[in-house]
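Enquirer: Here is how the chains run, residue by residue.
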Amino acid sequence: MFPDTLWPRPVRQVGQNVDVHFERDWFKQLEERIGQNGPWDDWTMYQLAYEAEQALKVEQFDDLQCLRHLPNFKALPHQLETAKKVLREMRGRAILADEVGLGKTIEAGLILKEYMIRGLVKKVLVLVPASLVLQWVRELNQKFGIPAVAQKKTYMWKQYDVVVASMDTAKRSPHSELILDTEYDMLIVDEAHKLKNKKSANYRFVNEIRKKYCLLLTATPVQNDLKELFNLITVLKPGQLGGDGEFQNRYVLQKRIPKNEDELREQLSRVMIRNRRSEGHVEFTKRIVKNIMLTLSPDEQALYDGVTRFVKERAQEEGDLSAALSLVTLQREVCSSRDAVFLTLVNMFKKTPENSPVRAKIWELVHMIKQIRANTKAEKTLELVRNLDGKVIVFTEYRATQEYLLQYFQEHQFTAVPYRGGMNRGKKDWMMDLFRNRARVMVATEAGGEGINLQFCNHIVNFDLPWNPMRVEQRIGRVHRLGQTQDVYIYNLATRNTIEEHILRLLHEKINLFEKVVGGLDLILERMEKEQPLEKSLYRIVLQANDDKELEKRVEDLGASFNRIREDIEKEGAREQIRH
Amino acid sequence: MNKFDIERYVTDYLQATQCQIIERSPAHVRVRLSVEADKALTGRPYYWSFVERTGAPPETMTFVFVFDPENYNPAGPAGLNGRPAQQLNPPQQTNPLQQANGESILSRYLGVTPPPVRREPVETITFGCSRLQQIFADVKKRGRFVVLYEQDNPGGDYVPWLCVNFKVEFTCDLKREEIHSLGISLATGEIIESFHEQVRNLALTPKIPEQARLIKNIPLYQAAVDLEKDVEKKLIACDHGWADEAMERFHDEYRRIESFYNDMLNRAEPSEQDAIRAEMETKIREIEWQFRPRVHVSVINCGIFHLRPDSFRQRNRTRADTF
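For the record, the sequence lines run as chains A and B.
Those letters in the first sequence? Residues 1 to 580, per our numbering, in order.
Those letters in the second sequence? Residues 1 to 323, per our numbering, in order.
What the hints contain is simulated information worked out from the structure, not anything from laboratory work.
Keep in mind that the hints are not guaranteed to be accurate.
[As the list claims (entries may be wrong)] Computed from the model, here is a short list of chain B residues facing chain A with C-beta under 7 Å:
{"#": "1", "residue": "Thr126"}
{"#": "2", "residue": "Phe136"}
{"#": "3", "residue": "Lys140"}
{"#": "4", "residue": "Glu228"}
{"#": "5", "residue": "Ala243"}
{"#": "6", "residue": "Met247"}
{"#": "7", "residue": "Phe260"}
{"#": "8", "residue": "Pro293"}
{"#": "9", "residue": "Asn301"}
All values derive from a computational prediction rather than experimental measurement.
From the three backbone atoms N, C-alpha and C, an ideal C-beta is built for every residue, glycine too.
Starting from the given sequences, assemble the full structure and let the hints guide the process.
Expert: Here is the structure:
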């Protein structure tokens, strides 16, 4: 051993702006081994180690490296462009604001992978809504080979390098202290528009996290207020739009209306990337919609009429309309299957006091149910499946209907597999595999859930329709998505002379929900539903309308107000488009 | 690395760790891991501590690594384009049912034991897959220091060379790397570049030859310092534009942050000012961390290579002859 003083200083200046740091451990270890006469490593291993480093070497400052590490991954051109731009121009701090369905998560994954490969990022925090935690973990693991874990225990913050957690957990004690005590090489926040309010706990928390690189993901960046956009950018790059007062003076005319748009656009494009569907990034196949109107059998129609009468009477007796709203469910259920309405009636019966006259009425309806032998819609569905080629997914709103359909298909020698929200992950995956490889039909009650990707199937049967347009779009979106190579056929089953007829007219003719993706559907609904969800408005209308004519009229009004808001948003969007 | 490189690389690794290759084609390899490879690759620390504590016979895992999925035929041991794979060490054929017929408690109660399920994972190995990353990590641990002698040296005179494989990382918000393999003669102090590439093809052995005479005039630390200085010289000479640009970005951001928070400070109540200043400090530390240009030099591995005195001269001459 010789004294360290014989060595030059380990940190030395090699250029005007740059120092070099030499590691010296190796020499100590080499001397130790010489002193002890070994142990010496294997020559082959030595060569393999050198070869590994050569293969992993990052040759260029700004080439994308990650693609050669992801040989089985096909990114779309706009996603690669985005990744490059974030790396080269935005220097790892960006708002990713693509419209829904263009793959923001993929872009974030690519960027993260790139920095990890370059050894610039090790410690990562991904904050997302609770419902998306597992989906993020899975995508990072499977698509990008990034060893991400879902935060479950307190020790995990320190133990693991890539942690995905829900914002709500992260901002609570003791988690928040641990996070604020750590320096993160990269912070990713999904659904970042929830950060827009400067005074909110979310905002303050995220702004306090120490980070080197940062990606904020949002589909709705300038939703309501330019001020909110300003706040979002302050998390990333304080001062990019000037100080607070300066920003107001220079760019804001009114809450939603900017001025000096060119300049604002220029400044925004340095921190924000927004790809749009209309820019033709993604070729979607066609959607072909077929509405199938069915006439109920006399028994079924009698039951429907009976239930409708029952609902109206009960609503009047209740007096309080909002308490009676849930009764409309009964009407919807009759249109689906007798099994669905039966279950609800039985539950209602149990809850009704024994001496109530209502019990008798419920019993009467149950008796009517027993008369019904066939299900018109199920027969039609079977006929459809028989005549179609390829896989078919049947969506229903009700568990009981699902059970019935599964049994019905089985009786007719068709294997159908179930899928529902209550299943655990493993079972869901298993069902998906069965559907892909063994069965022609899947009967599902859930569409919003993560992880159902059904590109291999191009027929959707809406056995009954959700009254929430978002959920309709989710159903279709499972099949009509990136990777679908065929046109998608959508069959809507609706029964004549029932509320279904009105709902189908609203969703199809008025809102035109099925033929193409309604841009900004979430925005439209958000504004429309300021007072109450659309579904509730519909319930109210159904209960209040005195006759079919009035019902039709009021549903039509609802559609009209939807379209007004849609136009408003399109106008705002057009303005925004000019700015980009 | 293409799929052929990967196939060779993984096979070299498996052989160097004494794994038992059962079956092999250009498209795949079926292998029973050695104990050391199993410990490095399968992530079963509990199993191995159980084996070590109880002395139970170790049961290592068998894998099929596929390098070329298009030409891999899982049905049979057929290799590339239907050529049969080499059956190198066919596994013992034992019928688990017969095996179970002896002592097993289960078989006494149930008449027969279900054959134990031997899991044999089939994995496609691509560049960037986690298995290859594991192998890389293990290799880096096992291939750090060597001492080697050139074979076939009737004279018995050896010049020791210190070879160091340097990794140079140029880092700002982006990063670039260089690898410099430098060798320095402990006899003359001469430094040779791409040393690794030059010695790779020599016949080398870890065994000390009988009657080896070393020609060594320079102490080891001096050689190490000289190599470091050589790297430094290269670094001073290289283009620093990237670092200057990074500093420019840093100053740019710095000014922006400063003016943003000064603006805020001017409007803030005195009670809020400390918090604002603290936030500003944090943001400035962040951009410093993000942009500050720096060069880091680490060592991949190093070794002492005892070569014939004429080794380089001779080969350089042969190379010159070919031109």
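Enquirer: Determine for every hint whether it applies to the structure shown.
Expert: So, going through the hints one by one against the coordinates:
The interface hint given for B/Thr126 holds, since its Cβ lies 5 Å from the closest Cβ of chain A, which is under the 7 Å cut-off. With a cut of 7 Å, the hint placing B/Phe136 at the interface with chain A holds, because the nearest CB-to-CB distance is about 4 Å. At its closest, the beta carbon of B/Lys140 sits 5 Å from a beta carbon of chain A; the interface hint therefore holds under the 7 Å criterion. Given hint, B/Glu228 at the interface with chain A, holds; its Cβ is 6 Å from that chain's nearest Cβ, closer than 7 Å.
A distance limit of 7 Å between C-beta atoms decides the matter here; for B/Ala243 the minimum to chain A is near 4 Å, and the interface restraint holds. The closest approach between the C-beta of B/Met247 and any C-beta of chain A is roughly 4 Å, which is under the 7 Å cut-off, so the hint is satisfied. Checking B/Phe260 against chain A: minimum C-beta separation of about 3 Å stays under 7 Å; hint holds. Among the interface hints, the one on B/Pro293 holds; its C-beta lies about 5 Å from the nearest C-beta in chain A, closer than the 7 Å criterion.
Hint status for B/Asn301: holds, given a least beta-carbon distance of 5 Å to chain A, under 7 Å.
The earlier numbered hints are all upheld by this structure, with none contradicted.
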